[in-house]
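Peer 1: Here is what each chain is made of, one letter per residue.
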Amino acid sequence: MDMINVKVNGVEVSAPKGTTILQAARLANVDIPTLCYLKDINEIGACRICVVEADEGRGKRLVASCVYPISEGMQIFTNTPKVLESRKKTLQLILSTHEKKCTSCVRSENCELKKMAHDMGVDDECKYEGENISYELDFSAAHMIRDNNKCILCRRCVAVCNATQGVGVIGANERGFKTHISSAFELGLGETSCISCGQCIAVCPVGAITEKDDTAKVLDAIADESKFVIVQTAPAVRAALGEEFGYPMGTNVEGKMVAALRRIGFDKVFDTDFAADLTIMEEANELVERVTNGGVLPMITSCSPGWIKYCEHYFPEMTENLSSCKSPMQMFGATAKTYYAQKMGIDPKDMVVVAVMPCTAKKFEIGRDDENAAGVPDVDISITTRELARLIKRCGIKFTELADEKFDEPLGIGTGAAVIFGATGGVMEAALRTAVKMITGSEAGDINFTDVRGVKGIKEASYKVGDLDVKVAVASGTANAAELLKKVKNGEADYTFIEIMGCPGGCVNGGGQPQQPASVRNFEDIRAIRAKALYDQDAACEIRRSHENPAIKAVYDEFFEKPGSHKAHEILHTSYVKRGLY
Amino acid sequence: MGSTISSIPFAGTPEQEKQLRDVIAKYKSEKGCLMPILQQAQEIYGYLPIEVQKIIAAETGYPLEKIYGVVTFYAQFSLNPKGKYKISVCLGTACYVKGSGDIYNKLIEKLGIEGGGCTPDGKFSLEACRCIGACGLAPVLTVNDDVYGRLTVDDIDDILAKYN
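Line by line, the protein sequences give chains A and B. Here the first sequence is numbered in the working numbering, starting from -14 and rising by one per residue. Here the second sequence is numbered in the working numbering, starting from 5 and rising by one per residue.
For the record, the hints were derived by calculation from the structure and aren't laboratory data. These numbers come from a predicted model, not from an experiment. Watch out, some of these pointers could steer you wrong.
[Unchecked claim] PhoX-like mimics (lysine-lysine), calculated; alpha carbons at most 20 Å apart, straight line: (1) A/Lys163 with B/Lys58; (2) A/Lys563 with B/Lys70; (3) A/Lys100 with A/Lys86; (4) A/Lys85 with A/Lys112.
My request is simple: use the sequences and hints to build the entire structure.
Peer 2: Written out as structure tokens, the structure reads:
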């Protein structure tokens, strides 16, 4: 590999050809601030925050370090008065059109713009005053609010929506001073084919895009003594919640999370993992039925509501391929309001099911048709990991001081197979562990299906299960899903079973997870770090196959009879809508 | 922002749609096909309403938002149809210092539309233009091919009355 030698503030650094100044500076332990730049997603050199002075033998010039490649002998200066003055002025200009309601802003604690202005010594945020356009807020989508008054036009959201997700319902419209981010013909996001994935929220550096906050609804339900309020937490939440309380990324805080939820005042603290195991039972059974009865193949998983909405909008002809299984969150709610309500003698109308999810599309999902097994919505309120952190802080709970606690029984019992649902490939692996048993009658020898693990966008594998050749594929991020589905549609691939998760890397990197700033995202793979927490938990679990979960055995014995039974179909399965594009 | 979008019902004909589809078929395999397609689509329809942009989106595979972004970026593209009578008010330097800005604003008020818009009955559209080479007559406006010069805001009612 061609190595190039440069000096960063006088320190010699050697890096491969093609390395940017930003990356080379990191090798010299120098952090250059960035705003618009997101590695592999938004590399447009537009905001000019990352400027440095570079001398390639023709004198020092200001260049955008995020996209400027190093050259042999280049001298890089990251902290000269000219550089610092330039950054400061750029920030002040950005701040001149930014609505500075910092006290009440949901991003007050982790706003990248605010931190940068502080770090760069911006002492007057109102230096450049003048005319500003006042934008109406967009509340039309079920899951989020867009506030262009706070938007700084970095275009990270546009890039992630277009490139990573292949959706492209938001973009920069008009020009010059009037440039603003919106949808075609200024339609509300809820009227477009937005899939509610929330990746735009995850990458927004400021408070211009936020989830609809439902924390007040949760506290109201808990305060209502006539309601029995139960909570379920998705597997990916425990792998990221700690980040909001100062733990390193990838710390599994399951025990403290359970303790905190109890202190917030939920009547029962349950685990979506239970329902993930239930999903595996139903889904593996459905797969076996489709294979043996000539059903529509490949069958595609249906756990990710962002993916489901994507399929309905962009591949409506393939909704028959979707498993009819409700997502684990919905299966949990449906089971809680039927089986558990009956068992406890509670009227489902008096039960409130709250879900804590790494996901914003779940806010859309709870309002879908055919998701109300007991005649009332299966799930009443769905909040994100971020909202849970807000709730814990609002309730004055000293999270880091809490002793670990365990989930309540029986809906809090899950297996290792369920834990890995939170990472791309996890649903596939969990399904394979059980499908082997269902098809062959005996357990899989090695239950670690490592071919389907990892953050690669599209993964393929082939397994011999009994007499059957099972070809599987896994995709995460809907742009990758589209690539995979085109192969299927064109007859270039004959998979039996496909797992698709809407967000890149799966739920651990969901749109509802704690926001990590560009300074972290550009240098670390948050998908892999958080996923490791889940795979470690799986490896340490005593029970790692869904069909061995004692609570699952009980729910079938006492209530559903067997996977795919009439009752299971009524309660645990759903239907889809061919939406098409807007 | 939304005010720049036409509320006049789309009245495209099957012939126009066939022309559009032919244009798209001709260019769609080329890189950078969007500009020539949009330019010719505007020639066919006179403007680029959502109905036209949706056809272009479906045929080229570009997201509708991307197309809308390009259309709103370039001044040459219009989201509004032209009226039967197209009023252009010169806002060039000479006309402007002679008060054409007031005339333009008065027309916005009288017609009840924004600059670039068209009245709901399709009769008048209004736009600002730059110098039309009649500075000696400043301030100037044109209605289709008719030129009106040395105007004051009081002349506007009489001019509009001629076309009503």
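Peer 1: Does each hint hold? Answer for all of them.
Peer 2: Hints and how they fare:
| no. | hint | verdict |
| --- | --- | --- |
| 1 | A/Lys163 with B/Lys58 | violated (24 Å) |
| 2 | A/Lys563 with B/Lys70 | violated (24 Å) |
| 3 | A/Lys100 with A/Lys86 | holds (15 Å) |
| 4 | A/Lys85 with A/Lys112 | holds (13 Å) |
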